[in-house]
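For the record, the sequence lines run as chains A and B.
Quick note on the numbering used here: the first sequence kicks off at 1 and runs consecutively.
Quick note on the numbering used here: the second sequence kicks off at 1001 and runs consecutively.
Read the hints as simulated data drawn from the structure, not as lab findings.
Take these hints with a grain of salt, some might be off.
Output of the computed footprint for chain A on chain B, the stretches with three or more beta carbons under 8 Å from beta carbons of chain A [stated by the list, open to error]:
(1) 1049-1056
(2) 1151-1165
(3) 1244-1252
(4) 1280-1294
(5) 1312-1324
Away from chain B, derived, C-beta distances all over 12 Å, residues of chain A [stated by the list, open to error]:
(6) F82
(7) S83
(8) T120
(9) L135
(10) W194
(11) E221
(12) A286
A few chain A residues that face chain B, going by a derived Cβ cut-off under 8 Å, partial list only [to be verified]:
(13) I91
(14) A190
(15) I236
(16) Q259
(17) L262
(18) A264
(19) G266
(20) V267
(21) L270
(22) A273
(23) L274
(24) I276
(25) Y280
(26) A283
Fair warning: this is a prediction, and the values are worked out from it, not measured in the lab.
Glycine residues also receive a C-beta, built at the ideal position from the N, C-alpha and C atoms.
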Amino acid sequence: MTDTILVVLAASTIRLAIPLLFAALGELVSEKAGLLNLSLEGMMLAAAFGGALGCFASGSPFVGLVVALACSTLVAGLQGLFSIVLRANQIVSGIGLNIAVLGLTTIGARALFGRDAGFTIPGFGKLAIPGFSDLPFFGPVLFAQSGFVYAAPAVALLMALLLYRTTPGLALRAAGDEPRAVDKSGASIAAIRWLAILVTGLAAGLGGAVYSLADIHTFTENMTSGAGYLALAAVIFGRWRVVGTIVASLVFGAAASLQFQLPALGVDFLPPALLIMMPYVLALLAVSGLVGRQSPPRALALPFHR
Amino acid sequence: MELARILRRASTSSAGAVLIALLAGLLLMAVLAPSLPNALAAFARGAFGTTYAVGASVNRAAVLALVGLGFILAFRANLTNIGGEGQLAMGGMVAAAVALKTDVAGLPFGLAIVLPALAGACAGGLWAGLAGWLRVRRGTNEVISTLLLSFIALWLVYWSVHSDALLRQPRTSATSLPESADIPNGAMIGMLVPPMHQGIVVVILLVALVHLTMTRTVWGMRLQAIGLNAASAKRAGLSIPRLTIGAMLASGALAGLAGAFMIQGEQYNLKAGFSSGYGIDGLVVGLLARGSAPTVLVFALLFGFLRSGGIGMEIGAGVPSAVVLTLQGLVILAVAGMEFLRLRQARSLP
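Using the sequences and the hints given, assemble the complete structure.
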């Protein structure tokens, strides 16, 4: 009995952590380059909507995924326009984008799918890996999930390689710490930051698409409901490192899944609200340096003026 | 020549930004509404049509003005308090708790109303003050900390109304909602013209007070000094930690008071998500006001009526009120983008 609950708990931890993981890894790349995207939430919501839209129009979840990535990258592009070209306040423009995306996707959803939330789209099913999905515990937890789960380690590896094993990655990290020095060396801060924010857009798109294409095959208003902010918190709690961000996403996923399983586990002294707010508390403790040492990129959220 | 200069200045002002966004909103409505005149009429009815509509809009404006005032006060010291939503929630929760859990309602001389409101202001102030303290002691960026504190506050409210040990109303039937009981009559703020409560009078006084504090007092000048150049302000002997925490305390207290007004003047009980959207709207009002307290009031009224109009439009003409939401997003983006034009203009001046 307890075994099944543990399996459900572990499986849903992974399922809930994956969208956060994609978005947080993407945001990590931007923050390493000195860009803070509060619009991460807007990117994810736009992708969730785009995924439903593409899938609804074509009947194919793959088309849905492409539209999802296009939508989130569009939001990322707009954020880039404000942060890099206009050198606007990154926080203010990010909040503005989030509100505009929330408004537009709500209008779009009503116009396309009507007011009843009952419509469904094909979406991606669960993909059981033959041979592995029958393993005890690990089978249902790791090998009977949606394709997004299997893509996550690859994306994480790709991000780590980009950041720490390539020349653009080196320039990117430097652009977030010492933009002036990078500029003097002849590299273009704008080009580096555009690269970073487009990577963020694509990754956040993968995360947002999970909601409408893999988790539930539909779109609801404000579907991501703060997942983007949670992913931002994961970057902070992960102390701006790839492994840290992965661990943070998993911890946040575990907290989210635990709140649904508490009654089944017979725990009633722990209020669910405490679990839901825990990620934010952890992030706050991390960013105040009360848990370990913090090291945000020094030029984070600062526009670059030559 | 003169006209060109005026036009150029208008195009980079908040009014210009709002105008551009309003035009875009009108365009959006024209696309979405079956009939634009009908939609506009429904909007006007929702915003100004009845005493109820006007009162609800003014009440909303009072809340937005307080959050906006808090924002510009902290911003004077170059502190960006984006956690108005959380400070509002804390203020409302503590005001409700004091009204419900203490015997304050029986007190004379209006103390029954004033004490919960002050408690709410203190709660909001401490919530923002915590961010100020973290900045001073741990160097934590206040943008990140106020944002995170907001989420924590919202879930604290959720917790408080879901827990029987805290503020949840007694379960009389299976349908008892997870909300607090109604606050006692004694703690309710009186009405000017129902549903408009007396809070707006206090708000107008506070607008004047904040304006005078920022422009005419030593403390206001000191805030500006650390905001403009912290290093030289420090050299001049100003205590940056004290001023930073003080600015955040005052900023959060204004938002906390707004939360108390919402509970004691309009809603009368505490629900999860009662402050939803108000904090962000107040932040936008503060941003648009560009540091001027009287302008805060103007934009608060504009947004108060916009929201009510949007709801009226949804009911009366079937246009989603999300149009108003989109419009607000566009206003913020226009303001953020304008900064660029202003900077470039400043640089191109001889």
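For a quick check of understanding: which of the numbered hints are violated here, in increasing order? Of the numbered hints given earlier, those the structure breaks are 1, 3, 6, 7, 11, 12, 14, 16, 17, 18, 19, 20, 21, listed in rising order.
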